[in-house]
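S.K.: The chain contents come next:
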Amino acid sequence: MREINEMLKKKVSELLENGTADRIIGWQAGEFCYDVTPAVMRKDNLDELFYNGFCGANQSKYLIQESLEEGKVLALLKPCDTYSFNQLVKEHRVNREKVYALGIPCSGMLDVDKIKALGITGILSIEDNGEEIKVATMYGDKTCKRTEVLQERCKVCKGKEHKAYDELLIPDEDAPEVPNGEDRFELVNKLEAMTSQERFDFWRGELSKCIRCNACRNVCPACSCRTCVFDNDNSGVAAKSNADDFEENMFHIIRAFHVAGRCTDCGECSRVCPQHIPLHLLNRKFIKDIDEFYGEFQAGEDDTAKGPLTAYTEGDCEPSIVMEKGGEA
Amino acid sequence: MQKIGVFVCWCGSNIAATVDVAAVAEAVKGEPGVVFATDYQYMCSEGGQSLIKETIKEQGLTGVVICSCSPRMHEATFRKTVEAAGINPYMLEIANIREQCSWIHKNKEEGTEKAIILAKAAVAKLNLNTPLIAGESRVVKRALVIGGGIAGIQTALDIAEAGYEVDIVEKQPTIGGKMTQIDKTFPTLDCAACILTPKMVDAAQSEKINIYSYSEVEKVSGFVGNFSVTIKKKPRYVNSDLCTGCGACMEKCPSKKTPNEFNMGLDNRTAIYIPFAQAIPKVPVIDTAACLHFKTGKCGICQKTCSANAIDFDQKEELITKEYGAIVVATGFNPLKPTKFDEYQYNQCADVVTSLEFERLMNAAGPTKGVLLRPSDQSHPKKIVFVQCVGSRGQSCRDHSYCSKICCMYTAKHAMLVRDKYPDTDVTVFYIDVRTPGKNFDEFYRRAVEEYGVHYIKGMVGKVEQVDGSLKVQASDLLSNDQMVLDADMVVLATAVEPDPTAKSLATMLTASIDTNNFFTEAHPKLRPVESPTAGVYLSGVCQGPKDIPETVAQGSACAAKVIGLLAKDKLLSNPCVAHSDELLCNGCSTCANVCAYGAIDYVDKEVNDHGKREVRHIAVVNEAVCQGCGACTVTCPSGAMDLKGFANRQIMAEVDAICK
Amino acid sequence: MFKIALDKIDELFAALSGNETLYLPIEKSGEIEFYPYEKDAKVRLDALHTVKSAKDLFFPQTENLMNMKLDGKNIQIEEGRHVEDPFVLFGVRACDARSFDVLDKVFLADPVDSYYAARREHGVIVSMACSRPEETCFCNVFGIDATMPEGDVVVWLDTDHLYWEAKTEKGEALTKTVESVLTDSDSKAVEAQIAATKEIMDKLPLKDLDLTRFTEDEMMNIFNDSRWAEMSEHCLGCGTCTFVCPTCQCYDIRDYDTGHGVVRYRCWDSCMYRDFTRMAHGNPRKSQLERFRQRFMHKLVYFPENNDGMFSCVGCGRCLSKCPIHTNIAKVIKTMGVKEHE
Amino acid sequence: MSLNTKIDTETIERISGVNTRKCMKCGKCSATCPAFHEMDFHPHQFVAMVEKGDIEPLMKSKSIWNCLTCFACVQRCPRDVEPAKLVEAIRQAVIRQAGENHLKAEQIPEMLDSELPQQAIVSAFRKYKK
Amino acid sequence: MQVNETNTVNTEEKEFTPLIVAFCCNWCSYAGADLAGSSRLSYPANVKIIRVPCSCRVNPLFILRAFQRGADGVILCGCHPGDCHYSTGNYYARRRMTLLFSMLDYLGIEKGRTRVEWVSAAEGAKFSATMNDFAATIHKLGPNRKLRDLRCEK
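Read top to bottom, the protein sequences are chains R, D, L, A and V. This note's numbering puts the first residue of the first sequence at 1, with every later residue one more than the last. This note's numbering puts the first residue of the second sequence at 1, with every later residue one more than the last. This note's numbering puts the first residue of the third sequence at 1, with every later residue one more than the last. This note's numbering puts the first residue of the fourth sequence at 1, with every later residue one more than the last. This note's numbering puts the first residue of the fifth sequence at 1, with every later residue one more than the last.
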């Protein structure tokens with residue numbers, strides 16, 4: 001990590017220096033080692049550029065705004081970010097010309113909530129040694145395994161190949177290994193195998209926690225609408241709170257439906273949920289269904305392919321396939 | 001707030017017997033917006049219609065709900081009625097309380113309750129209706145026909161006959177298409193050239209028809225009635241206006257070794273050439289790949305020879321942009337080249353030919369002057385084997401899945417012609433099925449078998465081998481369960497029909513759709529067979545699917561009738577229930593355009609005023625003249641920017657709410 | 001002071017929930033919130049924070065104000081409130097306990113918000129001292145003593161006992177109803193624990209946040225500070241900070257058409273939202289910068305200015321751990337606490 | 001030869017992965033078959049008879065031992081029916097039944113021929129014996 | 001015995017009459033419904049039809065809205081695939097509905113509360129049979145309790 005950090009700083013200052021881009025959207029250190037913030041920097045304050053294992057957030061959505069501004073912006077894209085980037089370019093939300101995409105390697109990013117979930121509180125500093133994470137806390141030093149505290153998306157990493165870039169910090173084949181991908185549909189399969197009532201109870205339990213803060217929506221690179229239907233009083237479905245269980249269901253069904261076929265499975269929705277609702281399991285259900293019904297499709301794999309909901313084949317399965325599939329009634 | 005009048009029709013006893021119409025009228029009086037409600041015996045009668053008109057005026061209604069039969073029955077009637085009384089025809093909603101209520105329910109209480117709910121749903125929707133005005137667009141009174149084969153010629157002649165201008169774009173140096181290469185036509189065996197060339201001449205001489213030969217369509221924009229098409233005229237290097245078609249240049253041209261496309265490469269032509277004697281226009285073209293002047297900068301004999309001074313080596317490609325009201329696709333086909341069928345030895349053996357090559361070998365204007373000679377040694381073949389379904393009806397990657405439709409008949413024709421001309425020739429046809437639907441078709445095939453003694457064997461050829469200058473054909477005879485090896489002097493392959501390779505790019509330009517085989521798709525497979533789903537684009541001939549000549553001509557004329565119907569209009573009134581994009585909500589993601597079957601959605605960079613913030617945004621704009629109002633875009637649009645007039649999200653939700661009250 | 005052994009604590013909860021609803025931190029689907037006590041509920045007194053703060057009990061995220069019934073074209077209006085039931089709110093931390101003072105300034109000032117007032121009146125607060133603060137805690141900055149929270153009753157936990165002390169009349173009355181399950185205790189264990197906790201508090205990384213600049217004199221300087229731009233630049237405009245905040249008190253009032261009437265309800269709103277305080281002419285704060293600045297100006301400058309110096313932040317640290325991009329009030333205090341270009 | 005279990009269309013189609021209903025009865029498989037004249041049932045008949053369920057005669061036929069598995073029929077079939085796989089499946093069905101080895105080790109010496117490649121004997125033994 | 005059993009069923013039926021919303025495309029299914037009407041082929045009165053231009057006009061929001069407002073079943077009818085008046089609309093509708101229904105199932109909503117049927121303008125009998133069958137299915141499933149809005153209950 002330290003090595004890459006050095007390379008990154010050098011490369012970024014070179015690109016800003018030679019005018020390839022006039023600013024970078026990078027990271028700024030926070031109060032604690034984990035509370036990094038996205039920040040735009042220019043030549044004069046580039047020394048603030050910070051990069052560590054907590055710089056995992058998908059920044060591609062910021063490029064919508066950034067690519068409207070004057071000059072070229074340098075974006076740091078991890079392999080997984082490039083999927084969202086492609087998708088945004090495909091949907092004309094990001095002006096490709098205004099972005100210089102620097103592909104950076106990644107060997108998995110950390111989730112501080114997972115560290116806290118292990119009962120480690122009062123965190124003062126964190127040291128990431130590749131395999132082991134050392135945490136200094138107000139209540140003594142703790143350690144945990146890196147694999148235990150990886151972000152959800154990293155556990156099902158799509159691989160180290162960048163799907164879009166102008167330049168790579170290091171060639172993909174020389175990049176460090178990515179975490180071994182778990183089966184990303186494991187939990188979806190598990191839910192599908194439940195009875196209908198069990199699934200209902202599971203999702204009620206989860207969705208009833210929703211406080212409708214819209215973090216999942218606002219962070220989502222696919223949710224790039226200027227005005228969301230749920231904010232538009234003329235849509236007939238706008239609301240600011242879940243006044244009834246139904247609204248919790250509706251918000252999350254429609255949120256997932258609107259990104260179906262466009263969601264790259266970046267997992268930001270679940271990462272930012274203050275209630276840790278596994279929202280990615282809704283998106284993954286759509287992804288799994290699309291793969292099964294219409295053939296494997298990975299949104300953002302490129303910036304041209306037609307999405308599965310804007311395509312069809314004459315022999316597509318009928319909706320009644322749902323009656324035959326899934327768990328018990 | 002609307003002022004709504006509700007009119008409940010008895011339809012005699014059709015409704016009144018199972019629905020308490022007075023109760024329905026009474027029940028809706030309390031609904032928001034309703035200021036008047038009544039019932040009447042026959043709303044569609046003159047009395048009923050006057051009642052509506054009078055009430056509109058007396059009460060100052062802004063909208064009308066009629067509870068009656070299906071809107072599919074009388075919506076148009078009542079739209080006219082309310083319009084006559086001065087309100088917008090789209091401020092009308094119909095509650096279907098006959099077909100969907102009184103006729104299917106026996107219990108009056110139940111029927112009345114349902115009728116009330118349906119009426120309330122119609123009121124709820126109408127409360128959100130806005131007046132809609134049908135858009136108008138002009139119609140350019142000129143048609144473009146892409147492709148100058150028999151399909152295109154027929155369509156162009158028929159359109160011209162009705163008095164409209166037609167332009168034909170043909171990529172070859174001459175019009176006429178594949179039919180010019182055919183010898184005789186089934187089932188009458190009349191000479192193809194004899195029936196085609198007069199039509200070519202008619203087309204050339206028509207004042208209304210303008211032929212762009214050796215030209216291609218470069219770009220298409222616009223929509224029904226208002227297409228703008230850029231045509232690329234490739235340089236012939238011969239000035240058409242000066243050329244007299246005397247042919248002296250061809251005689252003198254020293255480059256004589258180019259395979260002659262017209263004769264399927266069975267003989268050679270010069271670098272400057274007219275494809276065939278009856279070509280239209282009868283103006284030569286210089287093949288720059290073969291011409292010594294273009295290759296070496298020397299020569300120029302043709303220029304010296306030409307007494308009309310028509311040779312122009314400096315001619316440049318020309319782009320012409322013209323407007324059209326309608327576009328006809330008549331791009332036709334090409335026969336499959338059986339290079340991947342190694343078992344038939346087409347690549348290796350000159351005496352294995354395709355059916356079209358065989359046509360040329362039999363044609364009096366062909367390379368052998370009509371004498372059937374083997375290409376390998378110019379000897380007369382005594383044994384000929386025909387193989388059907390080459391490249392058709394298969395599922396492997398070298399086959400097409402469809403039946404090419406015409407091969408059975410032309411093979412029977414070939415077999416018959418050979419036996420007629422050379423009775424000492426032994427002719428065998430290997431077939432899977434013989435398909436002869438068509439007037440006098442089966443009779444024709446039976447004549448080949450019974451009168452002309454052609455051997456028809458059910459079974460396919462497994463391989464062809466060349467042994468000592470003769471061919472060994474190994475095949476199965478399924479009916480006698482035998483495998484046979486036949487000696488043959490010549491093998492003729494009935495190769496599949498393939499859409500012209502330009503179909504795909506043309507379809508993209510026209511936003512017309514093509515199927516997996518690259519045939520153009522029709523707007524409706526049964527009811528709109530000569531229209532493409534894109535308004536103003538029509539289909540003629542084999543570009544839509546394999547056809548024989550009579551069918552092609554029939555479709556060409558049908559297509560012309562559709563075009564004439566369009567061009568006869570001065571203005572096009574569009575259905576006002578079309579999609580509309582809210583420019584402040586649109587993200588410009590183009591998802592809507594991806595699902596639009598009509599190419600009705602364009603993207604423009606437009607300055608918008610978003611609550612005081614002015615900025616240029618890339619947003620969707622619906623072309624109302626092209627949009628058909630299906631609503632596919634409205635659902636695919638995540639932001640809800642796209643909505644459908646007349647069936648808006650809020651309107652449908654209001655109906656849902658009213659029904660579920 | 002009373003005490004009860006922790007292994008008998010269910011008796012206390014049973015007694016407290018005997019006559020009225022008892023709300024306390026309960027874990028459901030992996031997260032902890034104040035839920036009504038039930039026999040097999042997973043009570044989590046060890047948890048420092050619930051996700052939503054305790055304000056939800058007095059100022060719920062959604063509450064019906066009135067129902068309107070349509071009869072033909074007549075409208076009948078009915079009271080829609082459910083605010084009269086007495087309840088006990090158990091396990092409120094010192095920060096949340098102070099938040100009620102902040103909310104009182106808003107909702108109990110004239111004109112009194114009768115919905116809030118009724119709930120305050122009918123609720124008894126049993127607050128709980130902290131013994132294991134986290135790195136995000138900075139209540140001390142606002143003069144809050146985490147070991148001695150405000151409340152009708154205060155409880156302390158040590159490894160095996162809960163200590164109980166009534167602080168108000170309401171608290172005394174509540175104590176009477178549960179006296180039977182409590183035993184008398186001296187305060188030694190509590191004092192020892194307070195001392196230990198204070199030592200930990202001294203190690204808190206944010207304990208020295210400096211609020212001295214946030215005064216009326218500096219108001220315009222802070223307002224016009226150019227550093228708001230970079231701080232707010234990447235704010236997602238979500239409502240997470242607002243909805244987890246114990247002192248945010250903005251709400252929206254909306255009507256919902258049920259098909260047979262209209263429910264008028266109010267729900268939390270967030271000043272971070274684009275449509276916050278949108279009026280007929282549009283929105284007074286058009287950019288995220290303005291919205292972002294408003295939130296912190298309100299908490300750190302405007303509110304204390306109007307309320308005798310009381311900041312409307314209690315240092316609970318929820319926004320620090322929940323903000324998707326880790327922009328938070330602590331960063332704002334640190335940045336704006338010093339003059340620009342210094 | 002005794003066949004103790006009834007083999008049906010479904011079994012053969014499952015073993016072979018062939019869908020016999022795709023056949024359009026063109027006979028190209030038989031037309032191309034180099035072992036046609038050694039066979040009592042021909043490739044196209046395998047397809048038709050399996051489709052009909054007429055499998056027992058095929059199991060008793062010499063064709064299954066005479067098919068060279070050259071896959072010419074598979075290569076040439078315009079509808080991807082793959083008749084050779086059916087032949088193989090029937091051969092498998094026969095071999096799987098006890099005592100139905102077509103070739104026994106002791107028979108080999110008398111079949112030896114100096115022209116015959118060693119590999120052919122080994123592969124035949126593999127193909128014709130359980 | 002049997003008479004008694006029928007009686008019990010009848011009383012239950014009276015207790016629960018499912019409310020069914022049917023979205024029908026204008027060109028095929030709405031015409032099919034009209035044909036059912038003119039052929040006097042009955043189906044339950046609690047099936048209420050909403051006319052839409054094409055099955056692809058139906059937004060998942062409309063279906064959720066119906067359940068929110070108290071519908072017990074929602075059915076979408078359109079032209080048979082390949083016969084869409086707008087040539088491709090029902091293909092998109094088919095994908096959208098497949099995914100939506102699958103999601104509802106995933107959330108534990110009873111399968112069978114939603115259905116898509118392709119009914120042509122000539123299939124009046126099919127329309128009526130479909131509605132009868134769907135109404136029976138919903139009746140068996142009982143009232144929609146999992147996807148309703150309590151505020152909308154009477």
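These are calculated hints, taken from the structure and not from any lab test. Hints should not be assumed to be uniformly reliable.
To be verified - Partial list, derived from the structure: chain L residues whose beta carbon lies under 7 Å from chain D:
(1) GLY72
(2) ALA280
(3) GLY282
Said to hold, decoys possible - With a cut-off of at most 16 Å between alpha-carbon atoms, the simulated EDC-like pairs for lysine to aspartate or glutamate come out as follows:
(4) LYS141/D <-> GLU323/D
(5) LYS116/R <-> ASP71/L
(6) LYS334/L <-> GLU31/R
(7) LYS142/R <-> GLU134/L
(8) LYS188/L <-> GLU165/L
(9) LYS73/L <-> GLU26/D
(10) LYS209/R <-> ASP56/L
(11) LYS154/V <-> ASP71/L
(12) LYS146/V <-> ASP244/R
(13) LYS114/R <-> GLU31/L
(14) LYS116/R <-> ASP46/L
Heads up, the beta-carbon is just placed ideally off N, CA and C, and yes, glycines get one too.
S.K.: Run every hint past the structure and note whether it holds.
M.R.: Do the hints match the structure? See the list:
Given the 7 Å rule on beta carbons, the hint for GLY72/L holds: about 4 Å separates it from the nearest Cβ of chain D. The closest approach between the C-beta of ALA280/L and any C-beta of chain D is roughly 11 Å, which is over the 7 Å cut-off, so the hint fails. Here the hint on GLY282/L is kept, as its CB sits about 5 Å from the closest CB of chain D, short of 7 Å. The hinted pair formed by LYS141/D and GLU323/D meets the criterion: a straight-line CA distance of about 9 Å does not exceed 16 Å.
Proximity of LYS116/R to ASP71/L is assessed by CA-CA distance (about 55 Å); at most 16 Å being required, the pair is judged violated. With a C-alpha separation of about 10 Å, the suggested pair LYS334/L and GLU31/R falls inside the 16 Å cut-off, and the hint holds. Between LYS142/R and GLU134/L the alpha-carbon distance is near 15 Å, which keeps this suggested pair within the 16 Å criterion. Between the alpha carbons of LYS188/L and GLU165/L the distance comes to roughly 13 Å, so the proposed pair stays at or under 16 Å and holds.
For a cut-off of 16 Å, the pair hint linking LYS73/L to GLU26/D stands: about 14 Å separates their Cα positions. A hinted pair counts as satisfied when its Cα atoms are at most 16 Å apart, and LYS209/R with ASP56/L qualifies at roughly 13 Å. Of the pairs offered as hints, the one joining LYS154/V and ASP71/L holds, with about 14 Å between alpha carbons and a cut-off of 16 Å not exceeded. Restraint check for LYS146/V and ASP244/R: the C-alpha separation of about 12 Å stays at or below 16 Å, so the hint holds.
Only pairs whose Cα atoms come within 16 Å are accepted, and LYS114/R paired with GLU31/L is accepted, the gap being roughly 13 Å. For the hint pairing LYS116/R with ASP46/L, the CA-to-CA distance comes to about 14 Å; that is within 16 Å, so the pair holds.
Consistency with the previously given hints fails for numbers 2 and 5, ordered from lowest to highest.
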